[in-house]
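**Student:** Respectively, the protein sequence lines represent chains B, W and G.
If you use our numbering, the first sequence corresponds to residues 1 to 171, in order.
If you use our numbering, the second sequence corresponds to residues 1 to 432, in order.
If you use our numbering, the third sequence corresponds to residues 1 to 919, in order.
None of these hints come from the bench; they were simulated from the model.
Only a predicted model underlies this, so the values are computations on that prediction, with no experimental measurement involved.
You may find that some hints are simply not true.
[What the hints assert, rightly or not] Computed footprint of chain W on chain G; a stretch qualifies when at least three of its residues, placed anywhere within it, have a C-beta under 8 Å from a C-beta of chain W:
| no. | segment |
| --- | --- |
| 1 | 44-53 |
| 2 | 124-136 |
| 3 | 173-179 |
| 4 | 515-523 |
| 5 | 798-812 |
[Said to hold, decoys possible] Distance condition first, Cα-Cα at most 30 Å in a straight line; then the derived DSSO-like pairs of lysine-lysine:
| no. | chain 1 | residue 1 | chain 2 | residue 2 |
| --- | --- | --- | --- | --- |
| 6 | G | 755 | G | 367 |
| 7 | W | 47 | W | 231 |
| 8 | G | 846 | G | 859 |
| 9 | B | 87 | W | 187 |
| 10 | B | 108 | W | 383 |
| 11 | W | 47 | W | 194 |
| 12 | W | 282 | B | 108 |
| 13 | G | 755 | W | 383 |
| 14 | B | 32 | G | 400 |
| 15 | G | 367 | G | 14 |
| 16 | G | 14 | G | 755 |
| 17 | G | 400 | W | 187 |
| 18 | G | 367 | G | 400 |
| 19 | W | 383 | G | 575 |
| 20 | W | 282 | W | 408 |
| 21 | G | 575 | B | 108 |
| 22 | G | 14 | W | 194 |
| 23 | W | 383 | W | 408 |
| 24 | W | 249 | W | 47 |
| 25 | G | 367 | G | 765 |
| 26 | B | 32 | G | 859 |
| 27 | W | 32 | W | 47 |
| 28 | G | 132 | W | 187 |
| 29 | G | 131 | W | 408 |
| 30 | W | 32 | W | 282 |
| 31 | B | 32 | W | 408 |
| 32 | B | 108 | B | 87 |
| 33 | G | 575 | G | 846 |
| 34 | W | 282 | W | 383 |
| 35 | G | 765 | G | 755 |
| 36 | G | 132 | G | 311 |
| 37 | G | 14 | G | 765 |
| 38 | W | 194 | G | 400 |
| 39 | W | 32 | W | 194 |
| 40 | B | 32 | W | 187 |
The beta carbon of each residue, even a glycine, is placed where N, CA and C say it ideally should be.
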Amino acid sequence: MTQQPIQTDLNSVLSHEEIHAIDAELSHVPYKSGAAIDALKIVQARRGWVSDDCLMAIARHLDMSAEQLEGIATFYNLIYRRPVGEKVILFCDSVSCWISDCDGIKAKISQHLQIDYGETTTDNRYTLLPVPCLGACDRAPVMMIGDELITDLDDARIELLFGAHNEARTD
Amino acid sequence: MEPVLTRNIGPERCPTNLAAYQANHGYRGLRKALTEMSADDCQAVVKNSNLRGRGGAGFPTGMKWSFVPRGDACTPGHKYLVCNADEMEPGTFKDRLLMECDPHQLIEGMILAAYTIGADIAYIFIRGEYLVAIQRLRDAIAECYASGYLGERILGSDFNLQMHVHPSAGRYICGEETALINALEGKRANPRAKPPFPQVSGLWGRPTIVNNVETLCNIPHIIDRGADWFKTLGVGEDSGTKLFGVSGKVNNPGCWELPMGTPIREIIDQHAGGMRAGFQLKGFLPGGGSTDFLVPEHLDLAMDYNVIGAAGSRMGTGTMIILDDRTCPVGMVLNLIRFFAQESCGFCTPCRDGLPWSRQVLEDIENGAGRSEDLETLAYQVKYIGAIGNTHCALAPGAMEPLQSAMKYFYDDFVRHVDGGHCPYHNGTGAR
Amino acid sequence: MPTITIDGQTLEVKEGDNILQACLNAGLDLPYFCWHPAMGSIGSCRQCALVQYQNPSDERGRIVMGCMTQVTDGARFSLDANNAVEFREAVVESLMLNHPHDCPVCAEGGECHLQDMTVMVGHRDRRYRGKKNTHRNQYLGPLIHHEMNRCITCYRCERFYRDYAGGTDLGAQASRDRLYFGRQQDGVLESEFSGNLVEVCPTGVFTDKPFLADFSRKWDLQSAPSICGGCGVGCNIAPGERYGRLKRVHNRYHDDINGYFICDRGRFGNSYVNADQRIDYAGIQDADGRFTAVDQASALDTAGAWLKNAKIGGIGSPRASLEANFLLQTWVGADQFSSGIADIERATVDRQLQILQSTRAINPSIKQMESADAVLILGEDLTHTAARVALALRQAVRNKSLAMATQMGLPSWQDAAVRNLAQDALSPLFVVTSYASRLDDIAQRTVTLAPDDIAEFGRHLAARLQGEPAQSPLIEEFASSLAAAERPLIISGSSMLQSNIIDAGAAIAEALCLDNPQTMLSLTAPESNTVGATMLAHPNNLSLEGMVERAVELDVLVILENDVTRRLDAASMQKLVASGTKIIALDVIENATVERASMVLPAASFAESQGTLINHEGRAQRFFPVFPPAEQRLPSWQWLLQLAALNGNSQLTALTQFDQVVDACAASQPAFAHLNEVAPDRSFRDRGQKIPRQTHRYSGRTAINAGVSVHEPQQPVDHETPLAFSMEGLNRDQPSTLIPYVWSPGWNSNHALQKFQAEVDGPLKGGQSGVRVLISSADGVAPQTTTPIGAAPNDRWQLVPVHRLHGSEELSARSDEIAELAGDAFIALSAETAGQLEVAEGDRLKVIANGDSISLAVKIVDRMAAGCVGYSYGYAATRGLIAGAHADLQRDTDWRPPQPSLIATDRQSMAVDRGNPHV
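This is chain B alone, in the form it adopts within the complex (with noise of 0.2 Å):
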C-alpha cells in the first residue's frame, strides 16, 4: 500500500510567532536539533497538539528528518500526536491516588464526561489521559484540569465539577 505524502507548504504552517519562539531556544543549545522537545512544546501550547503538518514543519526548521522528530513526540507523555480537547485532564493513577480509590472516581469522570481514557468528549471540552503521580500524594487523589491541580478529589467534587457537563449533554 502506497501513502500520499501530506501536500503541504510546511514554510506556511508556523507562524512567526512560533518561529519566533523557537529561535529562541535556539540560543541555548549547540546544534538545532537539541531545541526538539521546545520547539514541540511551543507549537502545542498555541494549537493544543502537535498535527503530522506542523511536525514536518518543525522538523524541516530544525534541520531534522520527520522520523527523528516524530521519535522524540511519540517518546513523551506531554507532546500530544493527536487532537485533544479544549482542556486535558491528567488523572492520576499512581499509587497514592489508588490506595485513595482513584479507580472509582475515574469511573465516575467517565460516567459524567462518558469518555475514558485518551478520549475526548463530544463537545470537544475535556480530553482525559492518565499520569504518572502528581506529587500531591497528601492530598490524594488529584488530577489536573488544564493548568489547575485539583486535590482531595471525592464524589461530590466530581459531581461539583463535570455534573453541569452531564446536564448539558442531556439537554
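Starting from the known structure of chain B, arrange chains W and G on it as the hints suggest.
**Tutor:** Below, chains W and G without anything else, positioned relative to chain B:
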C-alpha cells in the same frame, strides 16, 4: 528542631520573594563563598558535611562533585549543573513544596554548586506538570539576574552563571540522570551507559553534575553554617534534616522537615497522626514506589540510609506510602508494576518486556485467573529483572523492589488470590 | 595480552576488547542481539550476560553484559553459571512475549539469528499468557519488506541506518513495549544502503522484498563466492540460486573492502540475470532485421564461414572479465582491438592508471580509507559512483570522536557513549563538486564549482601545500586541515569524465606526501573491470571511436559484452552499422548494440561464469559461477576460445581450460604475473573434496525438476573451478576466496561469519582474497597539462554528468526494482537557474546539444555550479548528451507523459499470471 530547608515555608505555603528570602539570611552562604571561599573550600565543606543525595540513591554529594575534572584535567568548554526537579516517583511530594514555596533557596544552592564544580550553565529540569513551581522559579531567576546573583561577575566575583528552567515533556525515566541529560539535549530520554559518568561526559558531552532539588537546597545552609553544624542536625548516623512524607490511610498525610534518623514510628504516629480509624498498618514503602515494603516490626527503625538498607529496603525519597489492612497488597504492587511498565523507556529487554510480563501475571492473580505456578514465575522475574546490572538502568530493579518484598511479607495474600480465584479484598473485580 | 579465565579455561585475549568479543574469538557461543561487530555495543538487549567474579574468593559473582565489559587482566568469568544461563534464557523468553512465532511464513526462517539464539539459550516453553502487541507495517519501497510484529527491539536497524549509514528516514518511535522502527509515514526508504537492514535485523522485520516474491530458504540456495559488477569497488557478494534463478545477493565479508555491508545496487541490481530479455539462444539477423534462433553448433558454423580469412576486429568491455578481454585482444591482435571505452572516458581512466602506477601516496583499501582523519573529495558524488567508499567515509569522519574517546579511556566499541561524548564533532571532510553530493551532510565544507574550476581549485590547493601562498581563505582552511592530518585521504575519480580533476587530486596527494608518507590517494573507477581493461590495453589499441573509423576495413567485428550505443553518439553508431562489417555480439541481455548485430551469442552472466575483475585500487578478484549456464548460454571466454579456434588462432588453440587462460593472461605482462594466485585453481581439494555450493540441508536435489520431468538429470559437474554443484564436501577452513556462504553448527544466520574470521571483525581465517596487481613505482606523478574544456558562454549551459546509484549503471538498471527507483531521466538545476528559466521541479526542459534535442524532467538540487546543469548519466534518454558539452535549455510545453511503464510492484501479480510455481 529548628527548620532549615523549610524555614521560610509556613503552613499556608506562601512563596518567598527575593526580599523575603534575603531578610531571612538568604544568599548569605553565597556571599560567603564568593568572598571568602575558593571552589575547593566549598567542595571540602560539602564533602565533610556527609550530605547524601536526596533523590533516592543517597550517593554522597561531595564525592559526586569530586569526579568533575577541574583545571588542567578538564578540556576547555562549558561545564553544567543540572537540578533534577523531575519529581515523579510514585508517592513522592517533597520537591514540589521546596520549589513552590522557597524557590530562592534552590537557586542559591545551585549557584553554590555551580561555583564549586566550575559550571557556567545551570538547568532546572522540572516536571512539565509543576506549573506553579515553574513560574515561581522563573520569577525568582529573573529577580536574581536583576540583583546580580546570576549572570556575569556574580556579586563582583569572577564567577559567571546562566540559569534556565527546562520543563520536561513528561516521562518518569527523565528522573534518571543520564536520561534527563538526553531529554535536555532534545533527544529520546533513554538512559546512557555508564561509564562514562556524567561528571566526565554529560550534557552535550561535557562534565555535568545532576543533583536533586532537596540536595541542592541543603547547600546554602552547609556553606553558611559549616559542615559540623550540619552533622549535628541528624539524630542518627546521617547528617542534616530531611523532608519526610506520608501518604495513604493516615489521619494527617503530609510532608515535614525532620532530623535525619527520625524513627519511622514518630513520623507515622506523631506527624502523620497515626492510622485512620478502622485501618491497621499492614506495611509501608519507606521512600516511594521503588522501595521494598517494610512492615510494623520495622517501625522503630531510624530513617537513616544504612539502617533502612539493613532492613532490606531503601530510604529512597523519604516519602512513605502506607499499605493498610483493607487495601490489597497484590493490587498495590500491580498498580506499581503497571506504572513502571508504562514508563519503561523500552531500551533494554528485562525492563521493556519483563515488566509487562510481570504485569500480566499480577493482573491474572488479582483478577482471579492466577495459577499456582505464577508465584514461581514472579519469583523468577524478580531474580531476572531485580538485580542492578541485569538491566541498563535502575528503573526495572526499582520496580521489582515492592514486588519482591510483597512476596516476602504478604505471600499468603498472593496464595489466597490464587487459591480462591478472586481478590479477597475486593471480590475479584480488580476495581476498588 | 591480558589473560582472563572463563569457566576455568584460561584465555589470552586482545587488549581493549570486550568480553563478548573475547568469547566469540575463543570460539565460545555467547548469544547476543544488539551488538554488531561493525557497530559496537550499546547494552540494550542484555542477551550476552555472563557472571563476573570480583576476586578469587568470590563464588557468587554478578551478572555483567559481555558486550559492555572490557577485558582486564586476571578477570574471571563464567558462561555456564546457573544464574547466567537462567538469565539468558529469561531474556529470550521476554523477547518472545510479542514475537509472533511465524517462522514458517517468515523469510528469515532458517537463517534467523533469533531462532539460533533461542535454540542456543534453550528456551522452549512460553509462560506469558497475555495478548501480543501488534503493529501496522509500512510500505518502504520496492526493496525492503516491513513486518514490525516480529521486532525484538534490538535497535540495530536504527543504528545501522542512521548512525552508520547516515540515513534520516528510519528510526525508533514510541517507547516501552510499543517501540516501533520505521518511517514517519509510508514511503520509499531513502538510503542507498537500505538493503543491509535485511542482514542487520536479527529476525524478519526487514526482509528482501524481491526475494520474498521469489522465495527459497537459505538452506535451499546454491551459492558461490562472487564479485559485484555494479561499480569499480569490487565488493564481495554471495549470490544464491535455485530453480535456475538468481534469488538474492548477500554480502560476502571481505575485511579490506566491503566488510559487512554492500550498497543497494549491489544487493538488488542483479535480477536482470532472471530477466525475460536475457539472451538464451544464438541468433542470426536476416536482412529484415529479424533474428533467427540457432543452436550453438549452427551459430559456430555460420561464424566459421564469416571468420574464414577475414579481417577481424574486437571491442572489449570494462564490464567483462579480464580473461575474456585478454582472449579477444589476443585473438584479434592489439592493432585491431579496442578496450571498448570511449575516448572521453579513456582519457580519464588512462590517466588514472598512470597516476596509480607512479604516485607516492598510498592507494588505500576501503578499510584504510576508514582510518583517514581528513578527507578531500574532488568531483565525485561518491554515494552514487562508489557507494561503499562513501559508507566508509561516514566512518572516517568519526575518527575525531574516536580520538576523543581514546583520550578519555573510552573503548571505541562503546558506541553510544562515544557518540554522546563527541556529539556533532567530526573529522574534516571537504567536498568540492559541481553539484550537491550525498555526503554534504557530514562535510565540514562544501564547494560548488564547474568542472574546470574544481581542477583549478585543486591545483591552487596543491600549490599552497607545496609552499606557495594560499589563493583564498578557503584554500588555506583546506590546506591546513589536510596538512595537520595524520592520515589525509584525497579522493577523485572519473565520474566527471575530466582528467584535469584527477590530475589536481594527484597533485594534492603528491604535495602532501612530501611531508606525510601516510597520505592516501584513491580514485574511483566507473565499471567493475575498468582498471583491468585499462591495464590490459596495448599502446597499439584503437580507441572506440577509432574502431568505428576502422570498421569499414573489417570483415567481422566481435563485440564483447558491451552496449557500445551507451558510449558512442548516434552518428558514430550509424557509421559503425553502415560500415558493412559483420558484428558478432556476445552479451547477457538484449540491448541496442545486440539489436544491431549480425549475430548474437548468448553469454553467461556473472552468476553463471567465472572470471577476474580488477577493482579501483588495482585488486584482482575472482568471481565463480553460482549455477551452470542454462539454455544455450556459454561463458564469453568459452565462446571466444571456440571462435578463435574456428579462425585457427595458433596462440589460443592450445587453451581449453579456464585456468590455462588465466596462466596465459598472467604470462602476458609482468603486472599480471600473480594472476593465478587470485584464487585456487580447479585442482584445489579440501580433504579430498571440492567446496560445496549447496548447504548440507539442501532439499530435493534429485527431485528438484520432478515437476518438469521425472527423469533425474545427473548433477552438473564443474570442471573449471574448485567448487561443486553439490552438497558434498566441507564449507570450513577453506581459502577465503572459496567461501560460498557462511554456516556453522548452531549459527544458521549470517552471524556464522565469525566462525570464519580469525577474530571478530578481523580478517578471514582463509587468508586475504584477491591480489593487488596495481603496484605503484612511487616515483611520483609526472604532472600533465590538460586543456580545460572551457566554461559555457553566458547564454548556454555546461552539461555535467549526474550519477545515480539506481539508474546510471547499465546492467543493474535492467533489474525491475532498480529501474523503479531510477525514475525518469532528468536535468538537474540549481534553484537559481530554475528561477531564471522559470521552471519548477517536474517541469520539462528541452536540452539542445550537438544538434539533438532531448526533453527531460527538471530536478532541483541543493547545489549546482553556476553555468552548469546536470543530466542523469547513463539513462537511455540522456545517451546523446556528452559531459562538458554546452547546451541550450528551453521550456518544453509540448511534452505529455507517456503511458505508465511496468514497475516492480506489479511483478507479484505478473508472477501469478505466469503461474510461477515458486512464488
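**Student:** It remains to establish, for every hint, whether it holds in the given structure.
**Tutor:** Structure-based check of each hint:
Coverage of the segment 44-53 of chain G by chain W holds in this model, with 5 residues showing a Cβ closer than 8 Å to a Cβ of that chain against a need of three. A stretch counts as covered by a chain when three or more of its residues have a beta carbon under 8 Å from one of that chain; for the segment 124-136 of chain G and chain W the count is 4, and the coverage holds. Coverage of a stretch by a chain is defined here by at least three residues with a beta carbon nearer than 8 Å to that chain's beta carbons; for the segment 173-179 of chain G and chain W the count is 6, and the condition holds. Requiring three or more residues with a Cβ within less than 8 Å of a Cβ of chain W, the coverage given for the segment 515-523 of chain G is violated, as only 0 such residues are present.
Closer than 8 Å: that is the beta-carbon criterion, and the segment 798-812 of chain G has 0 residues meeting it against chain W, so the requirement of 3 is violated. At most 30 Å may separate the alpha-carbon atoms for a hinted pair to count; residue 755 of chain G and residue 367 of chain G meet this at roughly 21 Å. For the hint linking residue 47 of chain W to residue 231 of chain W, the alpha-carbon distance of about 11 Å falls within 30 Å, and the restraint holds. Taking the CA atoms of residue 846 of chain G and residue 859 of chain G, the gap is near 13 Å; set against the 30 Å cutoff, the hint holds.
With a C-alpha separation of about 27 Å, the suggested pair residue 87 of chain B and residue 187 of chain W falls inside the 30 Å cut-off, and the hint holds. Using a Cα cut-off of 30 Å, the hinted pair residue 108 of chain B and residue 383 of chain W is violated, with the two alpha carbons roughly 39 Å apart. Between the alpha carbons of residue 47 of chain W and residue 194 of chain W the distance comes to roughly 23 Å, so the proposed pair stays at or under 30 Å and holds. For the given pair, residue 282 of chain W sits about 29 Å from residue 108 of chain B by alpha-carbon distance, which is consistent with the 30 Å threshold.
Taking the CA atoms of residue 755 of chain G and residue 383 of chain W, the gap is near 33 Å; set against the 30 Å cutoff, the hint is violated. Note on residue 32 of chain B and residue 400 of chain G: the hinted pairing holds, with a Cα-Cα distance of about 21 Å set against a maximum of 30 Å. With a CA separation close to 20 Å, the supplied pair residue 367 of chain G and residue 14 of chain G stays within the 30 Å bound. Taking the CA atoms of residue 14 of chain G and residue 755 of chain G, the gap is near 17 Å; set against the 30 Å cutoff, the hint holds.
Restraint check: the Cα-Cα separation between residue 400 of chain G and residue 187 of chain W comes to about 22 Å, which is no more than 30 Å; the hinted pair holds. With a CA separation close to 17 Å, the supplied pair residue 367 of chain G and residue 400 of chain G stays within the 30 Å bound. Among the hinted pairs, residue 383 of chain W with residue 575 of chain G is inconsistent with the structure: their alpha-carbon atoms are about 82 Å apart, more than 30 Å. Between residue 282 of chain W and residue 408 of chain W the CA atoms are separated by roughly 13 Å; this keeps the pair inside 30 Å, and the hint holds.
With a CA separation close to 90 Å, the supplied pair residue 575 of chain G and residue 108 of chain B exceeds the 30 Å bound. Among the hinted pairs, residue 14 of chain G with residue 194 of chain W is consistent with the structure: their alpha-carbon atoms are about 22 Å apart, no more than 30 Å. For the proposed pair residue 383 of chain W and residue 408 of chain W, the alpha carbon gap of about 13 Å is at most 30 Å, so the pair holds. For the given pair, residue 249 of chain W sits about 39 Å from residue 47 of chain W by alpha-carbon distance, which is inconsistent with the 30 Å threshold.
Straight-line distance between C-alpha atoms of residue 367 of chain G and residue 765 of chain G comes to about 17 Å, which keeps the hinted pair within the 30 Å bound. At most 30 Å may separate the alpha-carbon atoms for a hinted pair to count; residue 32 of chain B and residue 859 of chain G meet this at roughly 28 Å. Distance check on the hinted pair: residue 32 of chain W and residue 47 of chain W sit about 17 Å apart at the alpha-carbon level, within 30 Å; holds. Distance restraint check for residue 132 of chain G and residue 187 of chain W: the Cα-Cα separation of roughly 28 Å lies within the 30 Å cut-off, and the hinted pair is therefore satisfied.
With a CA separation close to 29 Å, the supplied pair residue 131 of chain G and residue 408 of chain W stays within the 30 Å bound. Only pairs whose Cα atoms come within 30 Å are accepted, and residue 32 of chain W paired with residue 282 of chain W is rejected, the gap being roughly 49 Å. For the hint pairing residue 32 of chain B with residue 408 of chain W, the CA-to-CA distance comes to about 51 Å; that exceeds 30 Å, so the pair is violated. Among the hinted pairs, residue 108 of chain B with residue 87 of chain B is consistent with the structure: their alpha-carbon atoms are about 18 Å apart, no more than 30 Å.
A C-alpha spacing of about 26 Å is found between residue 575 of chain G and residue 846 of chain G, which places the hinted pair at or below 30 Å, so the restraint holds. Of the supplied pair hints, the one linking residue 282 of chain W and residue 383 of chain W holds, its CA atoms being roughly 25 Å apart against a limit of 30 Å. As the CA atoms of residue 765 of chain G and residue 755 of chain G are separated by approximately 9 Å, the hinted pair is consistent with the 30 Å bound. At roughly 74 Å between alpha-carbon atoms, residue 132 of chain G and residue 311 of chain G are farther apart than 30 Å, so this suggested pair is violated.
The straight-line distance between the Cα atoms of residue 14 of chain G and residue 765 of chain G is roughly 17 Å, inside the 30 Å bound, and the hint therefore holds. Of the supplied pair hints, the one linking residue 194 of chain W and residue 400 of chain G holds, its CA atoms being roughly 21 Å apart against a limit of 30 Å. Between residue 32 of chain W and residue 194 of chain W the CA atoms are separated by roughly 36 Å; this puts the pair beyond 30 Å, and the hint is violated. Taking the CA atoms of residue 32 of chain B and residue 187 of chain W, the gap is near 12 Å; set against the 30 Å cutoff, the hint holds.
Hints 4, 5, 10, 13, 19, 21, 24, 30, 31, 36 and 39 from the list above are not met by this structure, while the remaining hints are.
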